Amino acid sequence: MDQETVGNIVLLAIVTLISVVQNGFFAHKVEHESKTQNGRSFQRTGTLAFERVYTAKGSRESASQTLCMREVRRSQNCVDAYPTFLVVLWSAGLLCSQVPAAFAGLMYLFVRQKYFVGYLGERTQSTPGYIFGKRIILFLFLMSLAGIFNYYLIFFFGSDFENYIKTVTTTVSPLLLIP
Amino acid sequence: MDQETVGNIVLLAIVTLISVVQNGFFAHKVEHESKTQNGRSFQRTGTLAFERVYTAKGSRESASQTLCMREVRRSQNCVDAYPTFLVVLWSAGLLCSQVPAAFAGLMYLFVRQKYFVGYLGERTQSTPGYIFGKRIILFLFLMSLAGIFNYYLIFFFGSDFENYIKTVTTTVSPLLLIP
Amino acid sequence: MDQETVGNIVLLAIVTLISVVQNGFFAHKVEHESKTQNGRSFQRTGTLAFERVYTAKGSRESASQTLCMREVRRSQNCVDAYPTFLVVLWSAGLLCSQVPAAFAGLMYLFVRQKYFVGYLGERTQSTPGYIFGKRIILFLFLMSLAGIFNYYLIFFFGSDFENYIKTVTTTVSPLLLIP
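Residue numbers (my numbering), protein chains in the order written: chain A, 3 to 181; chain B, 3 to 181; chain C, 3 to 181.
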């Protein structure tokens with residue numbers, strides 16, 4: 003691709019590559035946990051493999067298994083939401099404006115990291131919320147909608163609000179920093 | 003991006019955004035169900051959290067848990083098939099023809115919605131089929147193949163069947179409406 | 003899209019379509035296994051459907067259920083890694099060089115196939131590794147990084163190493179064939 007086209011997507015590509023690194027981190031963490039878990043159970047009980055994994059009965063294994071299961075579930079939730087995130091990130095960046103979209107994407111990656119590792123110490127919150135980063139996904143979604151809306155405004159009325167929309171989104175995006 | 007390029011992808015982008023809304027609906031439904039389920043079990047039995055989730059023994063909880071589990075599984079199947087759907091939607095739309103691809107994508111979203119909510123009332127079909135919307139995915143896949151084939155025809159023989167392919171796909175696509 | 007633009011992505015599109023076929027094969031395999039499993043259990047025990055699926059107690063069903071569960075887990079791991087693979091494949095192909103990226107993508111599909119069907123006969127390895135094809139993903143990731151790095155080199159210093167990077171990646175990519 004030529005220099006100009008790459009310039010239109012380079013920030014989005016960087017955010018996407020960071021998210022790939024994060025995916026790798028999650029996968030590594032889950033693999034590590036599941037290996038540790040399996041090794042420990044094997045030494046202690048020596049039952050068949052599928053029993054270790056699919057029945058969780060023993061009271062002594064409960065605590066560590068709960069931790070492991072929670073990590074697996076959280077990683078699963080992250081994996082489930084990943085295609086949706088990519089879709090809104092790229093459609094917001096391509097249809098509307100690149101810089102705020104990349105910034106919101108970066109925020110989402112922070113929220114995801116916090117969702118995955120932040121509550122590892124707690125015992126009580128055993129079933130983590132299924133959805134996280136709703137506000138950021140919504141922001142990116144609205145940006146995409148604004149881009150499509152603008153396209154049809156140009157198409158039918160010939161009036162271009164692109165710069166106006168870009169200014170608004172760039173101004174609004176720092177609000178995502180508010181927790 | 004300039005107006006013309008956006009015009010080539012705007013319908014695909016709209017279908018994709020609708021699918022994002024649907025993903026959000028599924029995630030919301032699953033979170034809601036799992037919360038209700040957890041709350042009810044907690045009041046009744048008060049066991050440890052992981053037991054509630056990973057063993058399904060009690061006969062009274064069976065019916066509602068089966069419902070919940072089915073919904074979770076169905077949502078999981080939808081999530082699993084989502085990247086594949088996006089890939090064939092966009093490659094069919096970009097390599098071949100936009101309008102029939104977007105139409106087929108819309109059909110797929112309807113089928114997915116029906117797959118998720120349609121059989122909620124039934125008790126018998128406890129393990130839903132893993133695959134749904136095969137015909138639509140196949141249609142989009144064949145459109146992509148036709149696009150690639152056409153590229154190599156132009157490349158090697160210089161003969162362009164693009165308009166012919168576009169006419170055929172546009173004519174064939176309403177057949178997807180037949181259940 | 004015009005002929006030249008399609009030429010820039012056609013190999014990536016072909017690899018992606020092959021991966022779609024493979025996804026379909028995995029989904030078919032899982033559906034088939036789960037149906038066989040359900041059918042056999044039903045004839046033998048006749049318990050409620052959710053018990054069959056969510057408790058794995060009987061010693062005679064163990065072996066086949068372990069097999070089935072392993073297949074499901076493996077397919078799940080493939081599905082989980084799929085968006086990440088697509089992202090690095092396309093960013094490596096678009097930002098850096100198409101031919102080595104498509105070649106590495108093809109290698110990844112071979113590794114994935116081997117991961118899914120290769121060890122079906124073994125009984126011992128009951129919990130398959132969570133991650134596979136690390137080296138190929140890393141190669142594609144480094145290609146994307148090189149592409150982004152090159153963009154900023156042109157942007158800030160005006161020096162273009164694109165041909166150099168393309169030669170290096172094309173030379174290095176056959177090394178992925180070494181197991």
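No wet-lab data here; the hints were simulated from the structure.
Do not take every clue at face value.
Identical copies look the same in the list; a pair holds intra-copy or inter-copy alike.
Said to hold, decoys possible - Using 30 Å as the maximum straight-line C-alpha spacing, the simulated BS3-like pairs for lysine-lysine come out as follows: (1) Lys116 - Lys37; (2) Lys37 - Lys136; (3) Lys116 - Lys136; (4) Lys168 - Lys37; (5) Lys136 - Lys31; (6) Lys136 - Lys168.
Since this is a predicted model, take the numbers as computed values, not measurements.
Q) When no copy is named, should Lys37 and Lys136 be tagged within, between, both, or neither for a Cα gap of at most 30 Å? A) Close across copies (18 Å), not inside one copy (32 Å); limit 30 Å.
(Q) With identical chains, the pair Lys136 and Lys168 could be close in the same copy or across copies; at 30 Å between alpha carbons, which is it: within, between, both, or neither? (A) within (22 Å within a copy, 39 Å between copies)
Q.
When Cα atoms must be at most 30 Å apart, do Lys136 and Lys31 count as within-copy, between-copy, both, or neither?
A. This pair counts as both: shortest intra-copy Cα distance 24 Å, inter-copy 14 Å.
Q: Classify it for me, Lys116 with Lys37: is the Cα-Cα distance of at most 30 Å met within a copy, between copies, both or neither?
A: both (23 Å within a copy, 22 Å between copies)
Q: State whether the alpha carbon distance between Lys168 and Lys37 is at most 30 Å within one copy, between copies, both, or neither.
A: neither (48 Å within a copy, 39 Å between copies)
(Q) I want to check one pair: Lys116 and Lys136. Are their C-alpha atoms no more than 30 Å apart within a copy, between two copies, both, or neither? (A) Close inside one copy (14 Å) and across copies (25 Å); limit 30 Å.
Hint 4 from the earlier list is the only one contradicted by this structure; the remaining hints agree with it.
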